[in-house]
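From first to last, the protein sequence lines are chains Y and X.
Going from the first sequence to my numbering is simple: count from 1 and add 10.
Going from the second sequence to my numbering is simple: count from 1 and add 13.
Heads up, some of the hints might be wrong.
Unchecked claim - In silico DSSO-like links for lysine-lysine, alpha-carbon gap of 30 Å or less:
1) K67(Y) <-> K14(X)
2) K111(X) <-> K80(Y)
3) K19(Y) <-> K55(X)
4) K55(X) <-> K67(Y)
5) K24(Y) <-> K55(X)
6) K111(X) <-> K81(Y)
7) K111(X) <-> K93(Y)
8) K93(Y) <-> K81(X)
9) K19(Y) <-> K111(X)
10) K14(X) <-> K93(Y)
11) K55(X) <-> K80(Y)
12) K81(Y) <-> K55(X)
13) K81(X) <-> K80(Y)
14) K67(Y) <-> K81(X)
Keep in mind that the hints were calculated from the coordinates and are not lab data.
No experiment lies behind these values; they were computed from the predicted model shown.
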Amino acid sequence: DGGITQSPKYLFRKEGQNVTLSCEQNLNHDAMYWYRQDPGQGLRLIYYSQIVNDFQKGDIAEGYSVSREKKESFPLTVTSAQKNPTAFYLCASRPLKAGANTGELFFGEGSRLTVL
Amino acid sequence: KQEVTQIPAALSVPEGENLVLNCSFTDSAIYNLQWFRQDPGKGLTSLLLIQSSQREQTSGRLNASLDKSSGRSTLYIAASQPGDSATYLCAVRDGDYKLSFGAGTTVTVRA
Chain Y
11 DGGITQSPKY
21 LFRKEGQNVT
31 LSCEQNLNHD
41 AMYWYRQDPG
51 QGLRLIYYSQ
61 IVNDFQKGDI
71 AEGYSVSREK
81 KESFPLTVTS
91 AQKNPTAFYL
101 CASRPLKAGA
111 NTGELFFGEG
121 SRLTVL
Chain X
14 KQEVTQIPAA
24 LSVPEGENLV
34 LNCSFTDSAI
44 YNLQWFRQDP
54 GKGLTSLLLI
64 QSSQREQTSG
74 RLNASLDKSS
84 GRSTLYIAAS
94 QPGDSATYLC
104 AVRDGDYKLS
114 FGAGTTVTVR
124 A
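Given these sequences and hints, build the entire structure.
The following block contains the structure:
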């Protein structure tokens, strides 16, 4: 089945460590996104990518890094520079070509990161 | 900067009642608006996507309307069921990449 797979589902990190969250999609979507969700707030955009080997910062990119070496994959690294990394992280993708589903965003199941 | 507001933050209704969820946005120059459902600890599931040229979209018991000029969208869920209990979020797209999300309305349908 087509979809977006995020792993791990739960992750615990000690302060000062970098961690990488995986996001893989088999929907053949061009654009991929990382969002952060905190209780009582709307989703906030961390990074996005519309094409392989290219990505842009979103609203809260500080302390995060990404890569886009393959169309299917968009991993997110939460670095030790991120001051408050405990959150629920969501990966999303959407097609960019014209069509009935242009613009529709699809999400993975999320990864919950807790800093101990 | 686009601001998206969903009021109320939480709603509790008895089973069978119709649900009305509101979403308002400050900048009417949008490409589309999307409604999502989120279960606790899960990702977002797309419910309906309304393009800026459309007034409404329907899927089963769900109907979403869009009034761009007044900056409002409403999601109607007919004959609610306990399985409809979830958080419902709306998001507006006003750029090639930019989606702005509301904080959501958490719905509880009482059996």
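Against the structure, the hints:
Restraint check for K67(Y) and K14(X): the C-alpha separation of about 17 Å stays at or below 30 Å, so the hint holds. With a CA separation close to 22 Å, the supplied pair K111(X) and K80(Y) stays within the 30 Å bound. Our distance criterion of 30 Å between C-alpha atoms is met by K19(Y) and K55(X), whose separation comes to about 10 Å. Taking the CA atoms of K55(X) and K67(Y), the gap is about 25 Å. The hint holds against a cut of 30 Å.
Our distance criterion of 30 Å between C-alpha atoms is met by K24(Y) and K55(X), whose separation comes to about 24 Å. Restraint check for K111(X) and K81(Y): satisfied, since their Cα atoms lie roughly 20 Å apart, inside the 30 Å limit. Proposed proximity of K111(X) and K93(Y) is supported: the alpha carbons are some 24 Å apart, at most 30 Å. Restraint check for K93(Y) and K81(X): the C-alpha separation of about 38 Å exceeds 30 Å, so the hint is violated.
The suggested pairing of K19(Y) with K111(X) holds, with an alpha-carbon distance near 26 Å, which does not exceed 30 Å. Of the pairs offered as hints, the one joining K14(X) and K93(Y) holds, with about 25 Å between alpha carbons and a cut-off of 30 Å not exceeded. Between K55(X) and K80(Y), the direct Cα distance comes to roughly 26 Å. Compliance with the 30 Å bound is thereby established for this hinted pair. Among the hinted pairs, K81(Y) with K55(X) is consistent with the structure: their alpha-carbon atoms are about 24 Å apart, no more than 30 Å.
Proposed proximity of K81(X) and K80(Y) is contradicted: the alpha carbons are some 37 Å apart, above 30 Å. For the hint linking K67(Y) to K81(X), the alpha-carbon distance of about 28 Å falls within 30 Å, and the restraint holds.
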